[in-house]
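Number of protein chains: 4
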Amino acid sequence: MKTIGVLTSGGDAPGMNAAIRAVVRTAIYNGIKVMGIQQGYNGLINGNIKEMDLSSVGDIIHRGGTILRTARCEEFKTEEGRQKALTVLKVFGIEGLVVIGGDGSFQGAQKLSHAGIKTIGIPGTIDNDLAYTDYTIGFDTALNTVLDSVSKIRDTSASHGRANIIEVMGRHCGDIALYSGLAGGAESIIVPEEDFDIDSICKKLIQGKNRGKLHSIIMLAEGIGNAFELGKEIEEKTGIETRVTILGHVQRGGSPTAFDRILASRMGARAVELLIEGKSGRAIGIRNNKLVDMDIDEALEMEKKFDKDIYELTKILSI
Amino acid sequence: MKTIGVLTSGGDAPGMNAAIRAVVRTAIYNGIKVMGIQQGYNGLINGNIKEMDLSSVGDIIHRGGTILRTARCEEFKTEEGRQKALTVLKVFGIEGLVVIGGDGSFQGAQKLSHAGIKTIGIPGTIDNDLAYTDYTIGFDTALNTVLDSVSKIRDTSASHGRANIIEVMGRHCGDIALYSGLAGGAESIIVPEEDFDIDSICKKLIQGKNRGKLHSIIMLAEGIGNAFELGKEIEEKTGIETRVTILGHVQRGGSPTAFDRILASRMGARAVELLIEGKSGRAIGIRNNKLVDMDIDEALEMEKKFDKDIYELTKILSI
Amino acid sequence: MKTIGVLTSGGDAPGMNAAIRAVVRTAIYNGIKVMGIQQGYNGLINGNIKEMDLSSVGDIIHRGGTILRTARCEEFKTEEGRQKALTVLKVFGIEGLVVIGGDGSFQGAQKLSHAGIKTIGIPGTIDNDLAYTDYTIGFDTALNTVLDSVSKIRDTSASHGRANIIEVMGRHCGDIALYSGLAGGAESIIVPEEDFDIDSICKKLIQGKNRGKLHSIIMLAEGIGNAFELGKEIEEKTGIETRVTILGHVQRGGSPTAFDRILASRMGARAVELLIEGKSGRAIGIRNNKLVDMDIDEALEMEKKFDKDIYELTKILSI
Amino acid sequence: MKTIGVLTSGGDAPGMNAAIRAVVRTAIYNGIKVMGIQQGYNGLINGNIKEMDLSSVGDIIHRGGTILRTARCEEFKTEEGRQKALTVLKVFGIEGLVVIGGDGSFQGAQKLSHAGIKTIGIPGTIDNDLAYTDYTIGFDTALNTVLDSVSKIRDTSASHGRANIIEVMGRHCGDIALYSGLAGGAESIIVPEEDFDIDSICKKLIQGKNRGKLHSIIMLAEGIGNAFELGKEIEEKTGIETRVTILGHVQRGGSPTAFDRILASRMGARAVELLIEGKSGRAIGIRNNKLVDMDIDEALEMEKKFDKDIYELTKILSI
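Chains as they are written, first to last, in this note's numbering: chain A, 9 to 327; chain B, 9 to 327; chain C, 9 to 327; chain D, 9 to 327.
The reader is advised that the hints may include incorrect statements.
Just so you know, same-sequence chains aren't split out, so a pair can sit in one copy or run between any two.
Stated by the list, open to error - For lysine to aspartate or glutamate, the following DMTMM-like pairs were computed, each having C-alpha atoms within a straight-line distance of at most 20 Å: (1) K221 <-> D61; (2) K217 <-> D207; (3) K298 <-> D142; (4) K119 <-> E103; (5) K119 <-> D303; (6) K41 <-> D61; (7) K316 <-> E281.
Simulated from the structure, these hints should not be mistaken for laboratory data.
With the hints as extra help, turn the sequences into a complete structure.
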């Protein structure tokens, strides 16, 4: 392995830069040349590629976003697009490729692997929606960003005695809502994995009010109905003034937390080690607090388990 | 003056607690008893009132929201409601009242003043929409909260090459949009005080993109059209992917900044001094970096001037 | 089990309040009465004890410090002191006790367990110096607090082209230095578990400077020599201006991170469950991402392992 | 005026980048070429100078430090050094120079002005130690950084019932200590401008403790005795455990606040306007909330006034 490439693909996540840094420095430490591919698979198709040195990744470990930029790429999903990519990889002499992204990005990596390019996937997405790994890079930062907003909303809600619905990201995965709901002391948490009953949410709001609670937080995963309509319904049923906040893209940015920087650094280094060992088509994850790697197809076929115990715990702790 | 009261009214703002603390401690320092009135004018009508001591305001200077809670109060706008309030004030022996809030709250204070209660208004609102004072308590904190979100949105926008519309608060006053737009390096700022032309906004986006800008921020004051429709229009006209974030109630919370705590502390102390001097119906403000006080009616009649120079400056600095 | 007590002991750590909240609410949910004991074992000896209800722990999950306050207690280390404590426990009808703290606190809990009180230990200390658990409550928050300071010091160091020594806490455990050094991109990390060679640190500084690095960070665990003398020595040997920052007690405070709040909430709930199951003398930990509990004596006898792999990784990533 | 230069000099301050950005963009907007001079007057002497374009200052408004880097320069204080600088200015065709820094930097600018180069000074220092301007760039950010640390120290102090001495920067100017003391709710503030009496500080600590205060903060400006010795003395006299934190260089970094970014942007633009008007040897300041400019010599001769009223206010508010 003389030359490897690295790209970030799909939605960006805080910590991607820490992963890029680890890939680049570990490679150079091992005498391997690293090419930075811009804007995900687009850069691979269009040859938007530049060699990276130690300084290319200086002063980026603490920055949100990705210096390689990212994009979704329709063309790469076609046979023709991938052929272009393979030609470009050949021209640049890239034998191994590290792909930092989510499931769509991994599928692309797997296809390149079948075509003879050694590829390794690193899970970078705030959604924590990959079943094969306990944590994805960016999830911890997103949780803390959500909590910061919850704290601010608490202040004003307590002053006014309001209920608040806070809609967070997740794309069919309730982890951000669940864990930020637990950590934020939310009264109710609405996730796609569990049915919810508006009447019991309302009952809890009223009980809380009667007990003297100054405010209530309802954490809502995106994609489950309309937050504003939910707010209206709750207001009508309880008589408690209810406000809605949709946190949106704020959740994707920010300086990564210690947890995400460490996870990203370890995964980036491991990716290069795997390439040196001749591995390909592997997804890196963390399970039971240990780095693991497994076949990308297998990884993607696994079904994400919802943590029912934590969900039940949130009910007990918010009585 | 043996006994005074203090209340917070209208929308809450970070720094209100610092003002309450200053009122309470300055009063006690001067041998005056202080009664804390809960939930704005409602507490005045309903007698929801408790004496405060030095410890009542311990450890609150750095907290968002208001420990006295706040509310809007329709009943107080009626003659009958105000009569109840006057009776309550008499019962509790409250001779002077410090009202922390916005224009509506001040009007109430003025009415009480005409009825013989000595009242002083302190401007507490994040909107900075009071013409007679350069700054209101909470405005500086809100600006910094907005900037924190702008930074996070920058990260992800730069990764994806997107434009972003960020809708901020202001209620007919563009100050939050204007100053956070300047400080956040926004490409365009849309405020109620100035006409805007969507074509020139689009032109600027395209020029920026051609120059290599990775992202663009459009700061939008609430109440000027629909942010999502604006986003769609921009996307169609420019072909640049555009995302919308409505910051919402997050802007009302958070630990107050140094600026807001200092302003609130000074104004709170001054309010008590004015009461001691026998003044009434006065609004405290800061102008040209000096505390001032003026007749509440005069204060409310003044017309808020939009800072056209700053607006023009933002255009030059975002070329 | 009808009544349990909860106390925090030793140095405080962010997340202790989240643990208290979980203990109280899980107990009440299960029909158990909870007594809050103030200032660690002192409160136990002096009967500084009050019943807690659902509202006692409202609005504290996000606050640093501990509402029960904490202290070290010499008297409790004596037989006589512990007899007093046992009497007090009897008087208040406390059958089970949850102790949140570090190793000294756990030893106390173990002694009470031998005397017939059912006790459970929850690891609360920023130092992460307990061998039997992968993480202690407060460690993740401390890491992020350190990183925030590292970012600020980076800014000014890069402007001036300086090296910086940053001394962090740890009490004979290098984990804060190690993990914040990895996540902060430190050039060198000095921990008690590994010998260090000042000449190789200096060599690295000079190489970095020659390569164009604008600044360098040396992360130093407290207790290893004098930071200021080290700074002088480095300055003399390299000619690079070197500044020293001792972060100190700032590391112990702050709103807990999502990770610490979740860990604390889970551990607090588990502690009550263990008491209900009739367990005693158990320390709760997290290993391989799963909650575990083990005999306190065994837990305290385990030897903390330094993560040599991570230490080596920091060298590769900072070349 | 066809070409101007810009440099930052002396200690760095958050907001310097916002000022550089404003200088560059305002100049280019007016058809003027801008040269960026690296590392203060050193770059001027050594010709470390590069043309800046619109993109040179993209994405820097929110970053701490200075992209032009900074340094103190002994050589420039000599006649010979300044002759070199004048030659370099001529070679690069630089007719006007914007100097961002403190008093030493301004003296240099004044000397260049006398030698025929048009110079304008912008006050950039966290210390707020320039008498002619109400605020310097970086001061507001430093205050907020200090407050963030005060909040964290409060948490742990309240848990332990300790007193804390927090030493802040200021170089013979007590403004950081004074204003962060007011905003942080410090019990005592020790500044170079006012004598202090350790016995009355101790008395206040004891009174506070007796009143039930869980913690006390003593804000200390650097350079007034030894913080650790002061801590020991207080501990001995009061019996209250006392901890010392020296905040150090953390205060110089961090993303600038809204206030500092706005002030810097306005001052940067004004500097270019003044050069266009043919002005020279002028220092820009803000007084009574309005931008002003005055002769540098006059500005530096003014004597900084300590705000005694604010100092007295802090005593009242911390009873």
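Hint numbers not upheld by this structure, sorted from lowest to highest: none
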